[in-house]
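Q: Here's the letter readout for the chains.
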Amino acid sequence: MDATIWLGSALALFAIGLYCVTKRNMIRILLGVEMILNSGNFAFIYFAAQHAAIGVVDPLGQSIVFMSIVTGGCVVAVGLALIVNAYKHFKTTDSRELRRLRW
Amino acid sequence: MVIPASMYFLFSPMLVVLTGLLAERTGQPKLRDVVAVLVSALGVVFAWTLYNALQAAPDNILVFSLGGGPPLGASFEIDLMGMFMAFSATILGFFATVYSYNYMEHDTRLTEYYTLLSALVVGMLGVAFAGDFFTLFIFWELMGIASYALVSFRKNLPGPIEAGFKYMIMGSVGSTVLFFGIALVYGITGTLNFAQVSTVIHGQPMNLWYYLIFALFVIGFGVKSAIVPMHTWLPDAHPEAPSPISAMLSGVLIETGLYALTRVLFILFEPSFFKLTIAVFAALTMTLGNMMALRQDDVKRMLAYSSIAQIGYMLIGVSTGLTYGLMGTLLHILNHSLMKGLAFLSIGSVVYATGTRDINKLQGVGKMMPFTTLAVIVSFLGLGGVPGTNGFISKFILFNAALGAGMLILAILGVLNSALSMVYYLRVIMVLLSGEAEEGMTAKEAPILMVGVTLVMAVLIIVLGLYPSPAVGIASRASEALIDNISKYIGVILS
Chain A
1 MDATIWLGSA LALFAIGLYC VTKRNMIRIL LGVEMILNSG NFAFIYFAAQ HAAIGVVDPL
61 GQSIVFMSIV TGGCVVAVGL ALIVNAYKHF KTTDSRELRR LRW
Chain B
1 MVIPASMYFL FSPMLVVLTG LLAERTGQPK LRDVVAVLVS ALGVVFAWTL YNALQAAPDN
61 ILVFSLGGGP PLGASFEIDL MGMFMAFSAT ILGFFATVYS YNYMEHDTRL TEYYTLLSAL
121 VVGMLGVAFA GDFFTLFIFW ELMGIASYAL VSFRKNLPGP IEAGFKYMIM GSVGSTVLFF
181 GIALVYGITG TLNFAQVSTV IHGQPMNLWY YLIFALFVIG FGVKSAIVPM HTWLPDAHPE
241 APSPISAMLS GVLIETGLYA LTRVLFILFE PSFFKLTIAV FAALTMTLGN MMALRQDDVK
301 RMLAYSSIAQ IGYMLIGVST GLTYGLMGTL LHILNHSLMK GLAFLSIGSV VYATGTRDIN
361 KLQGVGKMMP FTTLAVIVSF LGLGGVPGTN GFISKFILFN AALGAGMLIL AILGVLNSAL
421 SMVYYLRVIM VLLSGEAEEG MTAKEAPILM VGVTLVMAVL IIVLGLYPSP AVGIASRASE
481 ALIDNISKYI GVILS
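One line per chain: the protein sequences are A and B, in this order.
Count the first sequence with our numbering and you get residues 1 to 103, in order.
Count the second sequence with our numbering and you get residues 1 to 495, in order.
In case anyone wonders, no lab produced these hints; they're calculated from the structure.
Below, computed lysine-lysine pairings styled on BS3-like, alpha-carbon distance capped at 27 Å: (1) A:K91 x B:K155; (2) B:K155 x A:K23; (3) B:K30 x B:K155; (4) B:K361 x B:K444; (5) A:K23 x A:K88; (6) A:K23 x A:K91; (7) B:K275 x B:K488; (8) A:K88 x B:K155; (9) B:K444 x B:K30.
Covered by chain B, according to a simulated footprint, are these stretches of chain A (three or more residues, beta-carbon under 8 Å): (10) 21 to 31; (11) 42 to 51; (12) 56 to 67; (13) 75 to 89.
Take a look, some chain A residues computed to stay more than 10 Å from chain B by CB distance: (14) D2; (15) G8; (16) S9.
Nothing here was measured: the structure is a model prediction, and the numbers come from that model.
Where is the CB? At the ideal position from N, CA and C, for every residue including glycine.
Just chain B, same shape as in the assembly:
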């Protein structure tokens, strides 16, 4: 099939690095920042063009192969579920890049920064669109390497280096374990294409090798998506990274891990095989995430633990094995990318202005930075799941799905956790709004671009909360795509 021109967007980090080097050489560093913002805007256009092409395609599935037909060539398989991830990644990538324009202006080595940020987005797009394990692994590593370098970007401080080293070791052990799992899949089936693997494996009796593959995949993907026993890198890496990167990591990177895990599990196994294990992981992840978030005094670290808890909510949807539950998971991925992205960006503005991350020292900031505080409040209420924000809709669907699948305990745990999480969100809001500022504490409202980005995202959260039907409609079709599309994809590949 002909590859559409828009797929060349996957080469955009090259464009950023070339213009960046050129701009540095000619002494016009602002040019590079503008190009980076334009490229990230192009990403949203790219996702939109591809979405339209997808709507026009028969069966709503697009398949491109590079270097020959399926067993040998690498292939992209684009369907609605992948589009959902692509929209989350490109939209948040755009907001993060615009925000970086002001936030990072006092840093040096910005060419590297924008190139890595662009590579991070492209890596996520590749994982979302991968049609075989080969493509998945290459883009997985691209995403990983870009994020290791970005976490430790401010290398003159000890904190980012320590966090980056921990993240690098855990992340690369995770991806090598994943690679071993892929090797075993290849050994059993003799192919790496998702469709062909699925036709060979489905219906086979389970033996020891399948259990080993399942364990390797859960560990490999679980490290990146911070499922609880493998989560220890996240509370270090997210606070130490620059705020736009924290937003990208928390908003889409860990969800990309979850997306890949879901996709691979549904390709390889029947839902009844992995339901119970994933349900246990979901319960552990959300409970531990919320418990640890309660005792944090560092506001970014608190948000990092809250991301772990949100991954737990998303796992509920996967563990139900129903299309309704998967719809909740997908919707929560989109909503969480907006809410947690906004939370990190607006808290980033507060940190930028006040220079402290300690919650107790943020008293009186609400009066000095009214617009940013408004954005913080909207995002925190959304994360807590207050009606009127988009977080309420997706959490409601998730807990409802758990009830529908007969997992009463999981639903009750979810609701209890949701209530518990309001404690620490409200604590921050209370501190921001109440009290007088400490002596000598001065903070101005952040620069106009940073405030603009956060307010636009806050408006999006409210709009998606009050008028959820378009997003819910697409999510519902996308979750059906996951289950039906394997057979459609098999049809396209084998024909």
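Excised from the complex, chain A in its bound form:
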């Protein structure tokens, strides 16, 4: 029962993130990527609590969550820089306007 709730919410977050990635606004797409990453973080934290030994939460699960937040931050930084540059060139944040490259 417990596992269903926690893993269910992680999978739901994953699905919401994937849905966001299919949207038109570039910033919303980037938020969708972050949500998928956070669903992974969420699952890790739940599993770390599950694998607790002698009353202490498993530090391995916690440490990878910290590192993934850091790398996620780097990806968002690169993504935002790209969005700023795309806005300079195309004067919009609509991703469907990015269609110069085809086939």
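Knowing the structure of chain A, use the given hints to seat chain B on it.
A: The following block gives chain B in isolation, referenced to the frame of chain A:
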């Protein structure tokens, strides 16, 4: 175990960025370029030292742990298969950096460029040497972030920004999906170390979670290695990046994805579990790659589609599940890194001199740039698999392995695709060699360093084609390593 001093090479991007900032401040920008070239040469030395250390080690496996023993600490596991990737990455990284010295000299922000290039190589080395999912994920992201920034490096043009954005979104969705898969593996096993995961998972009955993990890993790694339904970023990103970066992406980055996929699949599952799925992906990838390459007029875009097709050939070896097939895959990774690297670098020289990427406008270039054209011809013949070049050897082994594994259809498809691919390679060669140049078309031979790099790589392709036995020998031992080494690695970790 003591960490050898050569492993500090993984910090080399710091060296490049510090000297770069210092050189800019003191007004000696050439110093930074020289340091970048030296650091990339150091990478080859690093791979060679590590190879020698590996030869001396018992069981041909080296294991280092950082921050405590295996369940908690991050670990590097270095074996012959990882060394194979490391050699491909560092050698092509060296050639690309030397080539950039002339190719990029009119660009600004070169400190960032060389730092990111160095970080890209280090990221690939880390993925090749990773001993647990933690290390794998961190270096995977390092490699990814460096390549997103490098693809969109020329930010004053709209093309690179568009391609970079597509690549960034697809690549980061891929790595987050991969991260979710790693979370599920952790949930099942309670550890991230490859050896411990393997001991827990092998022999368990398959349930729904394993199928989910398999799907997440194939999508996560498949995006970076451009397996067909996930390939759409590649034909945009590779042509728009600067040519040395195209060579790095096409020559080693997508293969690093394939390498990580192979390694993880063999750790988690039995070959019989994933054989058929991977075979279907292989057939789709090579057929679609070649079909799309046929209809391109942009020469770099054509090469990008041809990279997708070559990934399909490499997947044949994985899908056989035999050591012989894996040997073909590894050999093709090394050969492809030389051939596709050379193809992008030499075509880069042509683009540098003529300023156009349209195949139809390249008539008569052969007379104006004889040495570069020679390099183009060697690399294209190699990619097509003409006997006498190294591409022939690895393709022969791959198709032979498919026959040996009883996959007749896959072998026939491979041979047909190989023949089909000659059409577009020969088209470019024909255009370069024939006809007169258009009015007002002038092209000089590229600068000496660029020509030198391409000719050295062309010679390497011919040498490895005529005298393949050392490379084949190492590849065969490396492919055995993949299958046996899990048990050896388990022995080292658990002892």
